[in-house]
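Novice: With the sequences and hints as input, model every part of the structure.
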Amino acid sequence: MRDRLLLLSLLGLGLMAAAPFLLQAMLPANQAQFWTANVLGRAAVFGIIAMSLTFLATYGGFISLAQMMIAGVAGYAVAVFVEGAVPRIVGGLGYGLAIPLGVLAATVMGLIVGAVSVRTRDIYLLMITLALSMGVFRFVETNIAWFNGYEGIRNVVGPELFGLGFRDPWLFYYVALGTAVLLLAGVLYLVRSPFGLVLQGIRDNPRRVAALGYNVALHRIAAFGVAGFIAGCGGVLATIYNIGISPGTIGLGATVNVLIMSVIGGLGHPVGAFLGSLIFTIFDTFAANLYDRDRFNTLIGAVFLIIVLVSPDGVIGIGARLRRLLGGSKP
Amino acid sequence: MGRAPLVFEWIRVGKNRVVPAISLAGVSRRFGALQAVRDVTFDVQPGERRAVLGPNGAGKTTLFNTICGDFPPTAGSIRLFGTDITHLKPHERTRLGIGRTYQTSLLFNGLSVLDNLFVAVRGLRPNRFSFLRPSRGDDGMAKARELAERMRLSHLLDAEVVNLSHGQRRQLEVGMAMAGDPRVLMLDEPAAGLSPGDRPELLKLLRELPRTLTLILIEHDMDIALPAADIVTVMKDGEVVVQAPPDRIEDDPVVQAIYLGGGH
Ligand SMILES: Nc1ncnc2c1ncn2[C@@H]1O[C@H](COP(=O)(O)OP(=O)(O)OP(=O)(O)O)[C@@H](O)[C@H]1O
Ligand SMILES: [Mg+2]
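Read top to bottom, the protein sequences are chains E and U.
Per our numbering: the first sequence = residues 1 to 331.
Per our numbering: the second sequence = residues 1001 to 1264.
Treat the hints as calculated values from the structure; they're not laboratory data.
Since the structure is predicted, the reported quantities are computational estimates derived from the model, not experimental observations.
C-beta atoms are modelled at their ideal positions from N, C-alpha and C, and glycine is treated no differently.
Some clues are possibly wrong.
Claimed, not checked - Facing chain E, from chain U, some residues (calculated, C-beta under 8 angstroms):
1. D1070
2. P1090
3. L1107
4. F1108
5. F1118
6. P1126
7. S1130
8. R1133
9. S1135
Stated by the list, open to error - Example chain U residues on the side facing chain E (calculated, C-beta under 7 angstroms, incomplete):
10. T1094
11. G1110
12. G1123
Specialist: Structure (structure tokens):
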């Protein structure tokens, strides 16, 4: 069982690593580039943000609607401080400093969200995290001096690596993929650590966790900090992908999209976030060509409904469901 | 907290009087209009085995909850080896040496038996908050295995707790309460739902507990409660109605009225 899972993961990883080559062999150059950066790369980036939600939901039982906002905090921090962004708010920093600063800001914001919501759960947790998101969204949208209001900040092009611009499709894709894989591996490591086990204990039975001598609040806040770090990494990449950031990035629509990705993929395992994000991105990309933009919501809504009806635990649940249906006789 | 008050307490009480393990003074707990525990006052000496009996709804579990802090008392005070713990949080009380089980098992259903015990063992260690996985030779893991052995769960180390039988869940429940080497162990109906065959086994386990440990036991089964106890406290309607050694309990008129006559 464990071996098969490992094999499957390695296969998936190999496929993702080889994807740009395969696409190049199969498609005309400009289409191959589009698929590499704008579908797969983007899916990896938003998968990271969705995984920060899935991490909290799978292992802590917390549904946070603040993760897109937290990603946005990282993006705004980079945009405000990096040299070359337009308009220049503070500037002066190179990407080597601005990016860690962005991730740090997101981690701190994660800790704040965790601390503010530490006594709530279920629907109340959902509402309080949503309220925090919308509060930050409104603040950013109306604040000209620091965030340039609804126009946002442009020209966040990312650093140069190996003599290539960051937005070179292959470079961007491999950086996004590498970050995603590292973060996923980090999550899988963490959940077997004492911190991760206690987090799962809190999910199953917070009262018992306290009775064993643990500070439940501290572990909860730390979990939100970890999720903030993950979302921050995604937020930095998303901001460079979009060459800037504006309030719409962290609006209600974006917030709900991240939730949809997580649920489509499944909240049973962090890898679900990437599957969900890939499916979402494909529909988002091509539905726009088929219908007009407004129909997209109808389409993704229908896809969402079908998946959730067929398999309440998302796409990753479908595999297990099929196996149970087909192999019911197996030991 | 902890050290300094203990020392003062010790000086105040004097060397030649033993400080009680648990000391309850006027402990009460209400839930809205319901007075679940009313003005309970008694001491449990270090090393003592105390059984708490009483009909359903007498307030036995609620008394446990006031001691471990899940539902702190609404009036009165509680001392643990002389330290006032009345206003401490549950995890702080646990760190001062209280371990307990629950009437309906509160386990981590999504984790394995070994992980449940490991989390229980780590709860009282200074490195309890850690992002680093335990190494191969981790002594917390070793202790978790040892506990599993003691609770006869060694063959189920990797089983998810959600798949355990009721009896196995009860065993794990007790193992987790003992994992932190508590000074005071409180068991809430450990025999509830156990098959008759498992009961002597449980009694044996209770009798094997070291005398350095103070035990408070809620138990309906007299065949377990009486042989295990030094003193029995009987509660009814939130109050202590009888306190006596076990050999005087079955003949006590008040106890007989509660258990046979169902009250007047
Ligand atoms: N959390 C709570 N909220 C409201 N009422 C409660 C709560 N816990 C206990 N009670 C009430 O307090 C009273 C005492 O309950 P408790 O569980 O302490 O009794 P018990 O002696 O343990 O009974 P049993 O033998 O059935 O376990 C009951 O009337 C119960 O309904
Ligand atoms: Mg009870």
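Novice: Take the hints in turn and mark each one as holding or not.
Specialist: Okay, the hints, checked on the actual structure:
{"no.": "1", "hint": "D1070", "in the structure": "holds, 6 angstroms"}
{"no.": "2", "hint": "P1090", "in the structure": "holds, 4 angstroms"}
{"no.": "3", "hint": "L1107", "in the structure": "holds, 7 angstroms"}
{"no.": "4", "hint": "F1108", "in the structure": "holds, 4 angstroms"}
{"no.": "5", "hint": "F1118", "in the structure": "holds, 7 angstroms"}
{"no.": "6", "hint": "P1126", "in the structure": "violated, 11 angstroms"}
{"no.": "7", "hint": "S1130", "in the structure": "holds, 5 angstroms"}
{"no.": "8", "hint": "R1133", "in the structure": "holds, 5 angstroms"}
{"no.": "9", "hint": "S1135", "in the structure": "violated, 11 angstroms"}
{"no.": "10", "hint": "T1094", "in the structure": "holds, 4 angstroms"}
{"no.": "11", "hint": "G1110", "in the structure": "holds, 5 angstroms"}
{"no.": "12", "hint": "G1123", "in the structure": "holds, 3 angstroms"}
Violated hints, in rising order: 6, 9; the structure is consistent with all others.
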